[in-house]
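Colleague: One letter stands for each residue in the lines below.
Number of protein chains: 2
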Amino acid sequence: MFSKMKERKMAEKLDVRTLQRNYEDYGEKEVTVGGWVRSIRNSKNFSFMVLNDGSFFTPVQVVFSADKLANYEEISHQNVGAAVWVTGLVTLTPEMKQPFEIQATEIEVEGPSTPDYPLQKKRHTLEYLRTLPHLRARTNTFEAAFRVRSVAAYAIHKFFQERDFVYTHTPILTSSDAEGAGEMFQATTLDLKDVPVDEKGNVDFTQDFYGKPVNLTVSGQLQGETFAQAFKKIYTFGPTFRAENSNTTRHAAEFWMIEPEIAFADLEDAMELAEAMLKYVIAYVMEHCPEEIAFFNSFVDKGLIDRLNHVVRSDFGRISYTDAVAELEKHNDEFEYKVFWGCDLQTEHERYLTEKIFKRPVFVTDYPKEIKAFYMKLNEDGRTVAAVDCLVPEIGEIIGGSQREDDYDKLLSRIRENGMDESTYGYYLDLRKYGSTRHAGFGLGFERLVMYLTGIANIRDVLPFPRTVGNCEL
Amino acid sequence: MFSKMKERKMAEKLDVRTLQRNYEDYGEKEVTVGGWVRSIRNSKNFSFMVLNDGSFFTPVQVVFSADKLANYEEISHQNVGAAVWVTGLVTLTPEMKQPFEIQATEIEVEGPSTPDYPLQKKRHTLEYLRTLPHLRARTNTFEAAFRVRSVAAYAIHKFFQERDFVYTHTPILTSSDAEGAGEMFQATTLDLKDVPVDEKGNVDFTQDFYGKPVNLTVSGQLQGETFAQAFKKIYTFGPTFRAENSNTTRHAAEFWMIEPEIAFADLEDAMELAEAMLKYVIAYVMEHCPEEIAFFNSFVDKGLIDRLNHVVRSDFGRISYTDAVAELEKHNDEFEYKVFWGCDLQTEHERYLTEKIFKRPVFVTDYPKEIKAFYMKLNEDGRTVAAVDCLVPEIGEIIGGSQREDDYDKLLSRIRENGMDESTYGYYLDLRKYGSTRHAGFGLGFERLVMYLTGIANIRDVLPFPRTVGNCEL
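Chains as they are written, first to last, in this note's numbering: chain A, 1 to 474; chain B, 1 to 474.
Just so you know, not all the hints are guaranteed correct.
Pairs count within a copy or across copies, as identical chains cannot be separated in the list.
Said to hold, decoys possible - Below, simulated BS3-like cross-link-like pairs (lysine-lysine); rule was C-alpha separation at most 30 Å, straight line: (1) Lys410 with Lys13; (2) Lys193 with Lys212; (3) Lys158 with Lys279; (4) Lys68 with Lys433; (5) Lys68 with Lys44; (6) Lys356 with Lys44.
Since the hints were made in silico from the structure, they are not lab data.
In isolation and in its complexed conformation, chain A is listed as follows (with noise of 0.2 Å):
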């Protein structure tokens, strides 16, 4: 890049990662590379610079001397998180750790760094770095875990669209509730020191952007639907949001979702789409992240290599949820929440199903109607419903799908039953009216999977910047 450089240096330009990937073709040859300063340790005469662009996870090694440099002293002094140029000789060091080294013969400072610099060599704590939102990308972890999220996203894009899915941004900005799945934001533009009220002293509304009151979406599946009868598969991938006053290292406020929609399908299609999205993912960040999967496993969680594997070598266990109660319920001296038929199934009954009963992920199947949402389709058996929820070890649910209601009559019970607007539904009804399909789908949390790639335990450090309750930086 820069093309004032280009004109004055002969030198080749290259970032980090095309010379660590290609370091071999390099050698005894002469490059330039931009950077940022981690660390410089100066003997007498001569110093090594470790430097990095973020291109590439490792590091290059860069030697320079007084004797080569003019500006020795200078960049020798510099401060860690400095800017700088360096062009060389690549040197291939076979008997080192590191394969080569970069023998400065110019270095020239882009821009200097100040000795308060809040990230200096040692090892900083997650919760420290946290309060450094728009520097922590700089270290190890951050640039890691960053750089998993970004190539983990674009491999369910190209999961999705291989497979002909259609992209769809279904809104953020919504006036229905797409399933009393939680408290809501609600966006407006009215002046919040003076509301105007209507003569019933309510809100009046139509002072209001768009006339009515609007939310943040807490689910795209509803929109979504309507474009998987026109499209057959269509897949969401953007933020949502829960105004849900909960501090856990698993919640946050806005957090990314994909949720996959498949039209002349049923649950099995969708449990089939599921397992193969969750492999397809996993093994793809395993080939163009090794180094951040192996620091990973190196300093955040000793088994992640082990269990990613696993997951992709497995073929997922299927059980109904009448089947797993029976089976959880044999060990319910060892939980905290005893297991019941009706119950919704903790953390601690998902893990013991996929942990030690399976023994790899599960889809648990068929679950009772009440402690599902309205729009899942009402089995046969008139109690339960074609609901699934995929559970993986050290996490529990990661997946949650179902199949939907495709009878215009039974979906109107259920909107009524459940005591909801109808006259909100009405496109939604509309669905199964014209050209009704069977139909299936799911909604994936982008940061547990994010967290169950990297091993990362609180959603914080894989959101870049994560609102929770009372954190809303920058």
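Based on the hints, put chain B in the right spot on chain A.
Modeller: Relative to chain A, chain B alone:
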């Protein structure tokens, strides 16, 4: 798909896409296709059905007759929009307009439709179809538009990921006003009927979800820059919001934006990136959606294919704002708004430049600082900034970008000059303190791009669920 069908049928189940792309391989073979009835034309004892499943633009023709189908009466009286499963022999018809048809041996109704189905075979106006956001994707124009949208989105990811850019999810909810770019939506969990106030009579935001006022983002650029200073090359692709009370064919309140940001790079690098990206996406969509583009070229915008090819083959022009103004002033008699140095260029000027003067896309650079944002790099002349707009024929501006001010003191002055709240920009100033680099980036409105790719003139028709002032359906 659909597993119960799998058990019963021996015929291979196919998407319409697979069949259309490979019909020669299926000659005289039996296949099963699920889809929706676009039309049925009945003759005596036999009928033609046009069937599509939304996986491909071109539908399939099905022939069925009373002597082969026991349920001929039922099928021949299906309404438009009905969902059916068709099994039959693929018969090649090289002498006909469509190169093959399916001669049905079995047709099963998956879900009927009713006679009041709003999408009858006749042509509907786009305005009317906007009143049916849950159904319009089933019509030719919208099916084509939303598939192009999906494929273009993927092309963007593919372009950046192949160049090792890190996809960065900048936040939707933000406590910083990105650039004073426009009116914003506020997100809150306060009860609007009873907004709490503190002792001074101000809104008591300590009771709001985040403990402070929070808005929907207008741009991810500033947060994106923090990641570019870690990863060197990043891009965002997500929803952004403007609560502007404007009712035009080119503005929506919720839209998707792509914002790449590159470090160790200057304005020239950003222009090279923008040009490569536009050409890549256009070429990718033309290659992967030839049927859709041909449809738009025939029915929406006769010059479309020529124009797109022209962009792919052109070297984009370059001109400074100052020189552009000098050129345009010669034609001031042709403009509604007269051009002078210091004025903001209007669409009529932009189009004149790209259509009449350059006859190809053109980058206009180095605008007066007064008409551009605070973060743009001040040029050495002290009166212009390193800004760039990319103008394309028929549209005008499609991309806006700049090199960013990387000097701490100059940036601080600009923040103060603009009367902005300095304390909010501490994180942004830090980037100029700790290893500052020359860096640049740009923003591409995704809907503008889809309009350009399809010739569709109204932004409401390229957004799956358009949000504009007074409109937020579903």
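Colleague: Indicate, hint by hint, whether the structure satisfies it.
Modeller: Structure-based check of each hint:
{"no.": "1", "hint": "Lys410 with Lys13", "verdict": "between (65 Å within a copy, 29 Å between copies)"}
{"no.": "2", "hint": "Lys193 with Lys212", "verdict": "both (19 Å within a copy, 14 Å between copies)"}
{"no.": "3", "hint": "Lys158 with Lys279", "verdict": "both (13 Å within a copy, 21 Å between copies)"}
{"no.": "4", "hint": "Lys68 with Lys433", "verdict": "between (79 Å within a copy, 28 Å between copies)"}
{"no.": "5", "hint": "Lys68 with Lys44", "verdict": "within (14 Å within a copy, 94 Å between copies)"}
{"no.": "6", "hint": "Lys356 with Lys44", "verdict": "neither (59 Å within a copy, 65 Å between copies)"}
Hint compliance for this structure: hint 6 is the single one not met.
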